[in-house]
Amino acid sequence: MLLIIGCKQQQYKPERIQAELVPVDINIKSDTTITSFIAPYKLSVDKAMDSVLAYAPNSLTKKDSKFNTAIGNMMADAVFELANPIFKKRTGYPFNAVLLNYGGIRSPLNQGDITTRAAFQLMPFENEVVVVELSGYQMKEMFTYLSHGTAHPISNMQIILNKDGSLQKGTIQGHDIIDNETYFVATSDYLQKGGDNMTFLEKPISILPLDYKIRNLLIDYFKKKDTIAPVRDNRFIKEN
Amino acid sequence: MKRRNFIKQTAAAGSLIGLGGLSMSNLSTSEKKHITILHTNDVHSHIEPFPLNDPKYANQGGVARRLTVINKIRTENPNTLLLDAGDIFQGTPYFNFYGGELEFKLMSMLGYDAATLGNHDFDNGVDGLYAQIPHAKFELLSANYDFTNTIMDGHTKPYRVFIKDGIKIGVFGIGIELDGLVNKRMYKETKYLNPIEITQDITQKLRQEEQCDLVICLSHLGFDYGDKTIISDQILAQKTEGIDLIIGGHTHTFLDKPVIAQNKAGQFVLINQVGWGGINLGRVDFYLDSSKNLEHSSTVFAI
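Protein chains in written order, with my numbering: chain A, 1 to 240; chain B, 1 to 303.
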């Protein structure tokens, strides 16, 4: 009380407060000093974004098929192919498999030229490749998670579900999971931190970030491949 | 005299007259002041309007249009502050190509007075943020990030007092906990300090030492999480005192009008947030009167 009386000597007080939400929309004219300031930046960004990296003979979307999709397979295989040499250079051995997430396929890949812009639309986030070392137990948790059926992109693993949706088989590079063995799986830093509730990635035995953004990896993959025509296969299927 | 002031303040704390409420017609009009606060949050590098094929926000937003709106309001009332609640960076290729240079340059051209930092403003690390500092002709305010052992040390201020038409407006910045949201390699030795404790210290300083008439918090904590253990703008408003307005961000919350919360001392605090991507500009107008004119002081919230 004494403190307040001693210090407070406020001059003005609000007697009335009004508020308004002002939409910034098509009815408002653009300020030309700003548009002309942006113009050279825009030109240069557009030019880079419109540069052609590869060609897609067919349009691909993550809704094309169940359990595994051509576009998802392409992304997971791209990570396997391009991130593995980096990992091997640092550790002396390759990683075994790749796990990404279905939600991370952010746009379709349209038939025709694949531009840098398409890579940005496919992967707008800054997520990076990390390689986690998982125990046999954690691998089994992964397969249980994947058996829910969402077409999360995988590479170098196979999952077969029974008719009733239960897990029949989960293998890595053609091998069954051995409990006291460890496995190296490349994924994104987003998933490793528990994104999409992939809690089995949160406490790996070891972890190595590769400082390689998934978007940059895709751009490098498109440049390398020229034609992008992935297919759906039997890496993740359900018995009829 | 001082005793009388104190009583008036507590009276002010208690009463809320809603929309269309009583006006205080017996007040002298000679010393009335009008301060306009304009604000954005989570613009996320949306420099141009959203593309025409955007499923939700086609052709909305755009920095060039925002300036037109701001200029019109500044003509109406030159005593205007322009503020941003963080996540300036990340969301369009402009950030990927220029690292935030264009965002800061444009905010400077628009005449922003201050901004606080959001988690995405660390997306190129403290080094990437530091690299853009020369392009910011506005204050970066952060009271609860301690940058002491980083390259950002000395490049932010906890608060800044702006004087418009003789009115002292204290503005301070509060950021969200970075651990879990941002890679440690990016924020490095940046220390996150408890928002509630820091706010208590800062508001006391702004009200008492700096003698501010208005206190505004730029917050990137997020509007409301339901979970009371996570500090949000709602929690910050309830557990502190001395704030008139919290300008929020992070949760991309679209509020049609500010929400009125009640602080620790029972006084009313406004919380506002205007979505994201520069789709809207928030506007809050404060009409102030000399406290000696306020025989029975209560604030009319015409919102």
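Keep in mind that the hints were calculated from the coordinates and are not lab data.
Watch out, some of these pointers could steer you wrong.
[Said to hold, decoys possible] Reference listing, derived: stretches of chain B covered by chain A, where coverage requires no fewer than 3 residues with Cβ under 8 Å from a Cβ of chain A:
no. : stretch
1   : 53 to 61
2   : 143 to 157
3   : 216 to 224
4   : 229 to 242
5   : 266 to 275
6   : 280 to 292
All C-beta atoms in this analysis are idealised placements derived from N, C-alpha and C, irrespective of residue type, glycine included.
Hints the structure violates: just list their numbers, smallest first. 2, 3 and 4
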